[in-house]
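Visitor: Could you put together the complete structure from these sequences and hints?
As you go down the protein sequences, you meet chains A and B in turn.
Sequential numbering of the first sequence, starting at 0, is according to numbering that gives the first Met the number 0.
Sequential numbering of the second sequence, starting at 0, is according to numbering that gives the first Met the number 0.
Read the hints as simulated data drawn from the structure, not as lab findings.
Built from N, CA and C at the ideal position, the CB exists for glycine as well.
Heads up, none of these hints are tricks.
For lysine-lysine, the following BS3-like pairs were computed, each having C-alpha atoms within a straight-line distance of at most 27 Å:
1) Lys190/A to Lys39/B
2) Lys157/A to Lys22/B
3) Lys216/B to Lys37/A
4) Lys57/B to Lys67/A
5) Lys39/B to Lys141/A
6) Lys39/B to Lys93/A
7) Lys39/B to Lys172/A
8) Lys57/B to Lys141/A
9) Lys37/A to Lys57/B
10) Lys57/B to Lys38/A
11) Lys65/A to Lys57/B
12) Lys22/B to Lys172/A
13) Lys39/B to Lys184/A
14) Lys65/A to Lys39/B
15) Lys22/B to Lys65/A
16) Lys216/B to Lys67/A
Over 10 Å on every C-beta distance to chain B, these chain A residues come out as not near it, computed from the model:
17) Ile4
18) Phe5
19) Gln6
20) Gln10
21) Arg33
22) Thr39
23) Gly40
24) Asn88
25) Arg95
26) Ser139
27) Lys157
28) Glu158
29) Leu162
30) Lys164
31) Phe165
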Amino acid sequence: MNERIFQQVTQQIQTGDARGLQYVFEQSSRYCVRTLIKKTGCELADAEDIFMDAILIFRENVLTGKLKYLSNLRTYLFGICWNVWRDLNRARSKWRNEQNEIERQVYLLVGQEDRPFAWEDQEEMRQQVRLVSHALNQLSDKCRELLNYVYIEQRPQKEIANLMKFASPNVVKVTRHRCYQQWIKRIETAKTQPHGSQ
Amino acid sequence: MEANDVILISDYLAGDLQPEERKSVEERMAQDPDFAGLFKEQEAQLVVLQAVKRSETKEQIRQQYEAFRQQEPARQLNNSRLWQYGAIAATMLVLLLAFWQLRPTSPSPEQLAMGYLEPFPINMDRGSLPQDALAMQDSAYQLYRTGAFEAARPLLIDLHRLSPEDQAIKMYLAESHSQTGHYLDAVGLFEELSEDSPYPDAAQWRLALNLILAGEKERAVSILEQIQAGSHYKEKDAKRLLEELQD
Chain A
0 MNERIFQQVT QQIQTGDARG LQYVFEQSSR YCVRTLIKKT GCELADAEDI
50 FMDAILIFRE NVLTGKLKYL SNLRTYLFGI CWNVWRDLNR ARSKWRNEQN
100 EIERQVYLLV GQEDRPFAWE DQEEMRQQVR LVSHALNQLS DKCRELLNYV
150 YIEQRPQKEI ANLMKFASPN VVKVTRHRCY QQWIKRIETA KTQPHGSQ
Chain B
0 MEANDVILIS DYLAGDLQPE ERKSVEERMA QDPDFAGLFK EQEAQLVVLQ
50 AVKRSETKEQ IRQQYEAFRQ QEPARQLNNS RLWQYGAIAA TMLVLLLAFW
100 QLRPTSPSPE QLAMGYLEPF PINMDRGSLP QDALAMQDSA YQLYRTGAFE
150 AARPLLIDLH RLSPEDQAIK MYLAESHSQT GHYLDAVGLF EELSEDSPYP
200 DAAQWRLALN LILAGEKERA VSILEQIQAG SHYKEKDAKR LLEELQD
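Guide: Below, the structure written as structure tokens:
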């Protein structure tokens, strides 16, 4: 992949221009999906699901600046597909199969970073997924967007200030503190409520 | 739960603290189990936050992908001469397949590199790890020695975190990444080891092989050319591999 195309795709992904991922699909989807089916014996739907996960990780690597150079897009993406397939199988053999997409992503995040499973068991993790999702749904769209920019996409405060039209990076920080505290407080409150009332 | 602690942890996890402030948080985690518990809980909550966000983004990507897939066959069928071309292509394909059967197959760069991979020999000496990590080190090294790299790798990751300057642990970890298919992780460590370690030549050779396996053939070739040019213990292997890659 030459430098100019890489820069263009990176910029398109960063600005949310759909042509960036469109290019990635054109260049790599067939190869990755077919090779996955061939090498792992999985079904087409599973291979495409894994390819979607790989695109997610690729997009994150672009947004967080982890990916600065790429010699071969297809091989790079297939490498991610392969790791996703392996991490999912490893997680499924250790714990039970995932119940939903959020759990699948938890498995992948734990596998991706080689982190220890932070929960006593799968039920505890499921409970936390419920609490965190519930608390997130109660936050304003602005707070959710801000937490995403800071903790997931790891964008600099100055860039966030521009994107969200805040007066200065300092306002970003103050608002982040407020949103984070609200989020944690809502999780804590939900913990004390009886099961099923969330 | 102290509100100030929540803010402090949120700043730490946002990467918004100065190095000395980060150090102070890390020291407090080591000394204060309640604070460490709070930190761990919030870190886990952020994993869930990321998973929630990922599941939403994945849905958007899926819709974009579905649209892309629907366009693909349409683009192909819109071509009115497709069937004519198809018939010609099919005939040529049959002929090509016949020739293909007769010609010798050449291995891919990845297959070639695989042929040169051999585990870095382990020295069971203990380094400078703290006393309570020695049992973990023994287990990791035993597993490594028996070729159980998949099992040794997580232990070596922990040991490397405990003692990032220990070059032997770093080397065994890089080798375990390589042997278990984590080529990009291996590349990062071998790059460091080839610049500053007691095993620069072994690391440089393995860096080249792992670059090929990670799909970065161009960078690998430039390293192999350096190995081939200098008085390197893998000089002949590098030369042979370069020739094979050219074929």
